[in-house]
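Given next are the chains, with one letter for each unit.
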Amino acid sequence: MFIALYITDSKNSLIFQYLLGSNSPLFSHLLARIRTVCPSLLSRDDDNDSPPLFHCCVAKDLEIYKYHSQVNNLNYYCLASGADSRPQTETFTFLQLLDQTLLKYFDKDQLTVNKIINNYDRITMIFYMCINSGEPCVGSLNSNRIKRVIPIKSDLSKMINHTAHTLQRAVRQPRQGILASTSENLETEEMVPWRSSNLKYPSDEIYVDIIETIHVIYQAHHRHKSVQMVTGTINGQVNVKSYLSGNPTVEMDIDLAGNELYAPSLHECVEMPQGSPSSLYFIPPDGICNLLNYTIDLDMNPKVKATRPVGLVSVVYKDGLGLNHDEFEIHVNISNSPSVPHIQDLKLQIELQPRIQELEEQEQEAQRDAEMDPEVKEERNQLEDGKIKVLRNTHGRFDNSVHPGKGTWIFDSNTPVGSLPMLRGCVEDAKHPVRIKCVGVSYTNEGLLPSGIGLRRINVRSPTNLRENNRDKRLFKGVKYVCRTGDFEIRS
Amino acid sequence: MVDSIYRIASALESAKVITMDAAAIATSKLGETSYTTYSKTITPEQLSNLLNSRNPREIKDGMKRIISLMASGETTVDVELYFADVVKNIISEDSNVRLMVCIYLSRYAERDPNLALLSVNSIQKTLSDVDSETRRFSLKALSDMKIPSLFPVVLYTLKKAVTDPSAVVRGEVAFSILKLYREEGEELEEELKPLLRALLCDADPLVVSSAIVLFKKCFPQNLDWLHGHFRYYCEIMSELDSWAQDSMIDLLVSYCKRFLPRPTVIDATTSTEGVPSAVLLPDRFNEIQFPVYDVINHPDMTLFLQSLEPLVHSMNPSVILSSSNAFYQLATPMQFKKSGFPQALVRTCVFSDNVGVISSLLQTILILSSLDSSLFIPYTRKFFVLPSDDTRVACLKLKILSNLINEFNVKVIVEQLKYYISTSQRSELVITAANTLAVCGQLSIRWESHIMKWFISHMETSRLPNAVLDSYVNVIRLLNPKRHLKTIIQLSEVLESRKLLADNVRAGIVWLFGEIAAVEYRICPDILRKLIPNFSFEGPETRNQILLLAAKLLSYDIDSFREHGDVNEYDLDNSRIGQLYKAVAYLSEFDGSYDIRDRARCYSSLFLTGKFEIATLLLQAPKPSPVAASMWSPSSDGEPNVNWESVGLDKNVQEFHRMLPWNENISEISDEDDIRRPVTLKDYSRYKKSFSSESFTGKNISRGITSVSPNNSQLRSTNEHMTTSAVPAKKYRLQSLEEFFSDIPAKQTNKPRRKIVIQSSSGEDDEDSSSSVESEEVGYERSEDAHENGGEDEEGDEDSDDSNDDNNSSKSFG
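For the record, the sequence lines run as chains U and B.
Letter by letter, the first sequence follows residues 372 to 863 in our numbering.
Letter by letter, the second sequence follows residues 325 to 1138 in our numbering.
These aren't lab readings, by the way, just hints derived from the structure by calculation.
Any given hint might turn out to be false.
[Unchecked claim] FRET-style restraints, in silico, Cβ to Cβ:
(1) U:Pro410 x B:His774: 39 to 45 Å
(2) B:Gln448 x U:Gln481: 42 to 48 Å
(3) B:Pro368 x U:Pro410: 33 to 39 Å
(4) U:Ser452 x B:Tyr845: 56 to 62 Å
(5) U:Gly691 x B:Lys735: 25 to 31 Å
(6) U:Leu694 x B:Arg921: 52 to 58 Å
(7) B:Ser751 x U:Gly691: 26 to 32 Å
(8) U:Pro410 x B:Ser751: 16 to 22 Å
(9) B:Ala527 x U:Ser706: 56 to 62 Å
(10) B:Pro857 x U:Leu694: 41 to 47 Å
[Stated by the list, open to error] Straight-line C-alpha distance at most 25 Å; calculated SDA-like pairs for lysine to any residue:
(11) U:Lys518 x B:Arg459
(12) U:Lys758 x B:Ser746
(13) B:Lys975 x U:Met372
(14) B:Lys975 x U:Thr407
(15) B:Lys541 x B:Pro476
(16) U:Lys808 x B:Asp713
(17) B:Lys975 x U:Cys428
(18) B:Lys662 x U:Ser650
(19) U:Lys777 x B:Asp714
(20) B:Lys777 x U:Gln724
(21) U:Lys808 x B:His782
(22) U:Lys718 x B:Asp714
(23) U:Lys760 x B:Ile856
(24) B:Lys540 x U:Cys428
(25) B:Lys364 x U:Leu390
(26) B:Lys470 x B:Asn445
(27) U:Lys382 x B:Gly397
(28) B:Lys742 x U:Lys382
(29) U:Lys518 x B:Ser416
[What the hints assert, rightly or not] If we take Cβ atoms under 8 Å as the criterion, some of the chain U residues that face chain B in the derived model are:
(30) Tyr436
(31) Asn485
(32) Ile521
(33) Thr604
(34) Glu860
(35) Arg862
Even glycine gets a Cβ: it sits at the ideal position worked out from N, Cα and C.
Take the sequences, apply the hints, and build the full model.
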């Protein structure tokens, strides 16, 4: 049973609180309690010393759950009591759902702190709807129900768009006048829980976004100058933004490009008549909706060769170069693609191997003098981890991290495809061969998915005429393919 | 001409409207930020005035300010002071204002019950509103107030609302009962029970969803109430709200365990030679003796398990967890594997970015994989640690890996583990990886020696924190040193040749020899002998361990001496070991560290006074093996209660997967009586307006296509899809549909060939044939449309839009 919910920013200062009863603690009180009982609940991901917790007991029968939303960089805390013998999944998922509900309600890609502060009343009402007697309110968690009870306030840009559209329509169909579009009867009962029945849009549109995230780890084989995949997964997400009037049904055909999507998870509205997500059939929920999540297992798919790069960017590096073997070279290969003009936010994190140096130094010193003072040795070791110096660089800039032996090669926000950036660097004052431990890659690109999946066609059927007002306009406004990287690492 | 002028005029008119709109926006809502700034300037006095104003806009501003104060956690203004001002706005025309008052009431009503009661009358009036949402929120507001004197009123209201025509309101009744039950509990129990039972009879999935949540929270013991509903619930399983599905599955699992007979497992291999041997489903998962088997279930159990199949696509991790648990509790490993839920667990885990969820899922996988590793072996690589993994997640993954090791994947896994051990900075992760590596070593002698060598070489080359080193030493000890004498001797060489090893490493190795003495005594005295000359140059920990080693060796030596049954007392001065010990003890007496001096005295007093038994107890005590390694070892799987907590599992995950006992004494009569005969549903939908939408009947398009299949075996498989899709298809079929299509045979005769195929395919369906046949005509019709010309009956509706702006689009219908 929930007692209170809080939203804080990533530094744990309160943005919003929703207290369910008169006895629910204020966040300031709770925070003090957490600080004494389990401070690691407040720690952030990048703290190395104590791993961050996501759940802890603050008192007998009082538990606190934390969900960190990466999209919004917000923390959701939930104080709950009466934990039963179920895994805690439900509460965590509920916090995640609240986060998504807010995004859907405001129709935004990201929720800012200001947006929350400006909409305290609305968010409170949303929480009031979603939580009933301290439990997730079954049946009213669909965003269309929420929107119906708490009508969205359209902001300036939407207002202008809407009005411009009304004008356009008025010009085309003079006799009807501007106000003729008011709905005549309001049918309150919907036929499917995720869609309200009396939707009317001035312009009917549907958008499809397919987002894939790559998680791959390669093992580098320097002798063969190649890489081999250790493990690989592509996580895909199909999102639909639908603004369609009436009760349409949508058929969607997806070109799977030979990939097998194992047990995809579907929105409740979707039917997979052929048992595979290549053709889907659904009544679109209003607004943004996460239609389908799929996972492509690159380890199990025999068609994927272990050495073939996933995505457009592949990286090869050599180390131990130069006279003193203290130089390294990184080659990036960005393949050409007609549908992708450039790669965005390409970044390479380079980490050198510290232990090799230490080891070899020990080796040598053990031979030279056995009874050397350990303190002197200590100092020597620390000197070893020098700064990385760039010798030659074709693109972007290089940032040394505060941690020795680490650095980031940061590209411009747009790197054209087909280019072959290269970086040669060395370690300052290195006495020993330099080895690279791993290189992490992160980038985003639009226009092509690493799996090759694409939308083949989309059919909208509706009992009412959707394009009565704008015949020359398309319902389907196109598909957007986005590819991101999650864990992309090449290890030595 | 006139027309065009009219157009211009109307354009101008709309231009005017735009300007008006824009002006309105500019003045009032240009950015929410300016409104917030305005709202913040409202002083406490003004706030009171606003709330008491006659202008609805001002009231709204006031309420918004109140809500903002509650939500922001500001303590400058005491919101409670405005109680009376706020509560009287419950009569406002604006539903949002009413909602905000309700929110206020739900939080502060307890503080001032008398004033709060003033609002009750107004709320009760709205209980008979036309709009179902209004009724629902009134009910919610009423039950939210935790005022004891109000409870009878709420109860009375609930009794009335339980027959409300709107499903939303009836669903709300369930939550109100929950609130009442939590406040009053036992006293009202008898009055609340009939209400809940009425809700359980409801036909609407939404109401059933709420009722089930209530049932699970308050009356989970009264499983017998579910008798008449069992089959209907299985039928509507996938239509329930996903937040109720998990509760429903949990309840039905308990129900099956209590009221359904235990499934019978039949050996499929011997079935050809007469009577097949059959056993009941064993108590523990994966204890079936037969390599290949069939299962005979009670039909209701089959129904339940079948109803779970579509849930494999659920987006809610709780549902996946509950369904997996259902298969774990009620079915055989083979059925579980076939259901696809192991894969769904892995997929949800890989996809989610919610650490709390991942951790619960991994714990479940850990439990399941320890019982039957074959469920997850195909996904072994998914449990490799990713750089972004949280430490606890990474450790859970490694523990799962230790369950999945076999001859085929051990090479890859060992490589990974070595990488984690040698590169990770997180000691918890390194220790877990080391323990997992130890499990790899138990696979075969070859791997054992390989891993032991690797540990030893790794130990000498890198500086390690104490905790990590301890785990290494423990792991080496576990790996049966007797078989790898060569490696052990190598270890002693390491000790001799490299003086530069860190103190704790040397100490660890010396301790290890003390332990090895128990299994391989011969090499140890020599090692001690070599250590003594450099005693004073060693670090304090190593000196301590050398002393301990000497004491241990002496103790073993005395024991072996006494076993030979010599009559003479053990002579300390004349035995080699005794002399070695004396030398170490002598050196220790002059040690700089108190600790070592004290220990030396302690051991010496034991030996000199002849208390050899105590020395044996003290020095030869058996050491526990590292937890993870021992519990996964194949030898120790006998006990049903493995100590999961020591493996890092949460109590509730563990409790959740505790095997429920089967009820052994189900009365035989129950089969004939059929206690699960469906009771009549309370269907309120006839009060609703019915609609007929052509679009929804089209749901069956592809069923028409798939059922025309040349191959019989394929046909069977497609039928399975059909049955799964048949259940949700029911959702949109309304009451009037059957009647609506009952006069359709004129059309059917047009293409009889197709029809026959469909019928025969659905005839093969055992159980769901009735439901699929009902909508068959519809699907068939639509499929014809879609295939032949794409909509002869609906030209305008045929909105087959395709995108040309991107590369992957193509023409849809020619």
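Here is how each hint holds up against the structure:
Evaluation of the 39 to 45 Å hint for U:Pro410 and B:His774 yields a pass: the beta carbon distance comes to about 42 Å. Checking the proposed 42 to 48 Å range against B:Gln448 and U:Gln481 shows it holds: the Cβ atoms sit about 43 Å from each other. Our hint of 33 to 39 Å for B:Pro368 and U:Pro410 holds, since their Cβ atoms are close to 37 Å apart. With their beta carbons about 59 Å apart, U:Ser452 and B:Tyr845 fall inside the hinted range of 56 to 62 Å.
Evaluation of the 25 to 31 Å hint for U:Gly691 and B:Lys735 yields a pass: the beta carbon distance comes to about 27 Å. In this structure, U:Leu694 and B:Arg921 meet the distance hint of 52 to 58 Å, their C-beta atoms being roughly 55 Å apart. With their beta carbons about 29 Å apart, B:Ser751 and U:Gly691 fall inside the hinted range of 26 to 32 Å. The beta-carbon spacing between U:Pro410 and B:Ser751, approximately 19 Å, falls within the hinted interval of 16 to 22 Å.
Taking the beta carbon of each, B:Ala527 and U:Ser706 are about 57 Å apart, inside 56 to 62 Å as hinted. A beta carbon spacing of about 45 Å between B:Pro857 and U:Leu694 agrees with the range 41 to 47 Å that was offered as a hint. In summary, the hint linking U:Lys518 to B:Arg459 is supported, as the alpha carbons are separated by about 18 Å, within the 25 Å threshold. Annotation: proposed proximity of U:Lys758 to B:Ser746 holds, straight-line Cα distance about 23 Å (limit 25 Å).
Taking the CA atoms of B:Lys975 and U:Met372, the gap is about 18 Å. The hint holds against a cut of 25 Å. Between B:Lys975 and U:Thr407, the direct Cα distance comes to roughly 23 Å. Compliance with the 25 Å bound is thereby established for this hinted pair. With a C-alpha separation of about 22 Å, the suggested pair B:Lys541 and B:Pro476 falls inside the 25 Å cut-off, and the hint holds. Under the criterion of a C-alpha separation no larger than 25 Å, the hint pairing U:Lys808 with B:Asp713 is consistent with the structure, at around 18 Å.
The straight-line distance between the Cα atoms of B:Lys975 and U:Cys428 is roughly 13 Å, inside the 25 Å bound, and the hint therefore holds. With a CA separation close to 23 Å, the supplied pair B:Lys662 and U:Ser650 stays within the 25 Å bound. Taken as a hint, the U:Lys777 and B:Asp714 pair is honoured in the structure, with Cα atoms around 21 Å apart against an allowance of 25 Å. Distance restraint check for B:Lys777 and U:Gln724: the Cα-Cα separation of roughly 22 Å lies within the 25 Å cut-off, and the hinted pair is therefore satisfied.
For the hint pairing U:Lys808 with B:His782, the CA-to-CA distance comes to about 17 Å; that is within 25 Å, so the pair holds. Under the criterion of a C-alpha separation no larger than 25 Å, the hint pairing U:Lys718 with B:Asp714 is consistent with the structure, at around 22 Å. Note on U:Lys760 and B:Ile856: the hinted pairing is violated, with a Cα-Cα distance of about 49 Å set against a maximum of 25 Å. Annotation: proposed proximity of B:Lys540 to U:Cys428 holds, straight-line Cα distance about 23 Å (limit 25 Å).
For the proposed pair B:Lys364 and U:Leu390, the alpha carbon gap of about 21 Å is at most 25 Å, so the pair holds. For the proposed pair B:Lys470 and B:Asn445, the alpha carbon gap of about 16 Å is at most 25 Å, so the pair holds. For the proposed pair U:Lys382 and B:Gly397, the alpha carbon gap of about 17 Å is at most 25 Å, so the pair holds. A distance of roughly 36 Å separates the Cα atoms of B:Lys742 and U:Lys382; the hinted pair therefore is violated under the 25 Å criterion.
The straight-line distance between the Cα atoms of U:Lys518 and B:Ser416 is roughly 21 Å, inside the 25 Å bound, and the hint therefore holds. A least Cβ separation of about 7 Å between U:Tyr436 and chain B falls short of the 8 Å threshold, and the interface hint therefore holds. Here the hint on U:Asn485 is kept, as its CB sits about 6 Å from the closest CB of chain B, short of 8 Å. For the restraint placing U:Ile521 at the interface with chain B, the shortest Cβ-Cβ distance is roughly 7 Å, inside the 8 Å limit, so the hint holds.
Hint status for U:Thr604 relative to chain B: holds, with the closest Cβ pair at about 6 Å, below 8 Å. About 6 Å separates the beta-carbon of U:Glu860 from the nearest beta-carbon of chain B, less than 8 Å, and the hint is met. Checking U:Arg862 against chain B: minimum C-beta separation of about 7 Å stays under 8 Å; hint holds.
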